[in-house]
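Add 3 to the 1-based position in the sequence shown for this note's numbering, that's all there is to it.
Read the hints as simulated data drawn from the structure, not as lab findings. The structure displayed is predicted, hence computed values, not measured ones. Do not rely on the hints blindly, as some may be mistaken.
Straight-line distance between alpha carbons at most 20 angstroms, and here's what the computed EDC-like set of lysine to aspartate or glutamate pairs gives [unchecked claim]: (1) Lys178 to Glu236; (2) Lys92 to Glu236; (3) Lys172 to Asp125.
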Amino acid sequence: MENRADIDSPQIYARAAGWLYLVVIAAGFFAEFFVRERLINYGDASASAHAIMANGLLFRLGFSADLATIVCDIPMEMMFYLLLRPVNKHMALLVMLFALLGDATMAASELHGFAPLLILGDSPYLTAFSTSQLQAMALLNMHSLTAGLVASMVFFGCHCFFLGYLVFKSGYLPKIIGILIVIACPCLLINSFGYFLAPGLIPEFILLPDLIAELALCVWLIVMGVNIAKWKESARSVRGHASD
Numbered sequence: 004m005e006n007r008a009d010i011d012s013p014q015i016y017a018r019a020a021g022w023l024y025l026v027v028i029a030a031g032f033f034a035e036f037f038v039r040e041r042l043i044n045y046g047d048a049s050a051s052a053h054a055i056m057a058n059g060l061l062f063r064l065g066f067s068a069d070l071a072t073i074v075c076d077i078p079m080e081m082m083f084y085l086l087l088r089p090v091n092k093h094m095a096l097l098v099m100l101f102a103l104l105g106d107a108t109m110a111a112s113e114l115h116g117f118a119p120l121l122i123l124g125d126s127p128y129l130t131a132f133s134t135s136q137l138q139a140m141a142l143l144n145m146h147s148l149t150a151g152l153v154a155s156m157v158f159f160g161c162h163c164f165f166l167g168y169l170v171f172k173s174g175y176l177p178k179i180i181g182i183l184i185v186i187a188c189p190c191l192l193i194n195s196f197g198y199f200l201a202p203g204l205i206p207e208f209i210l211l212p213d214l215i216a217e218l219a220l221c222v223w224l225i226v227m228g229v230n231i232a233k234w235k236e237s238a239r240s241v242r243g244h245a246s247d
């Protein structure tokens with residue numbers, strides 16, 4: 004008789020990944036659109052500084068939400084690896100590594116996201132700078148944060164290509180979602196390299212396919228999970244080849 008845990012584990016991984024994905028999407032959306040879009044005027048250092056100091060708690064919540072996306076993404080990528088390794092173990096590992104590189108880039112960039120609170124504070128050593136200098140440095144850090152987040156999308160774009168391929172080939176997740184995730188890859192790469200090579204020329208809606216793909220995978224994992232019978236069949240096939 005098959006171990007019950009072996010039967011249920013892929014569905015547990017799928018649901019866990021789906022809920023973690025939901026937190027990642029929601030926290031990222033909150034930090035970007037309810038905090039930075041609301042408080043930061045990237046062309047006006049003074050207005051941005053006043054908005055940050057007047058909404059300190061909201062700014063801190065946005066920073067914390069960014070950290071939450073990284074914290075949740077790491078175990079989520081492990082769930083993806085466990086779910087997709089029956090398709091191709093080495094490619095599933097590559098998916099996880101690209102995502103972790105993106106997470107590491109985001110984590111380093113987040114130091115710039117917290118810096119404005121330190122720069123605009125009332126510490127005695129800050130008196131060496133004028134108010135306009137401090138405001139300019141605070142905004143510079145927000146620009147650096149944006150550059151870091153955009154750079155991380157290069158790794159996440161590569162991650163999407165291999166993730167989409169594995170989803171498409173799996174047989175226990177919808178092929179259409181795999182196709183959507185693969186389409187998200189060039190969109191993320193064009194957005195990132197366009198930001199650095201041709202600033203201002205890439206429209207924001209180029210990221211829409213990525214949002215659709217991520218939401219589709221997230222909702223499917225939460226609501227439907229995986230086809231356990233096909234997942235087990237794929238896993239048995241891998242074990243069979245390994246024992247040959």
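Here's how the hints hold up against the structure:
{"no.": "1", "hint": "Lys178 to Glu236", "in the structure": "holds, 17 angstroms"}
{"no.": "2", "hint": "Lys92 to Glu236", "in the structure": "holds, 15 angstroms"}
{"no.": "3", "hint": "Lys172 to Asp125", "in the structure": "violated, 56 angstroms"}
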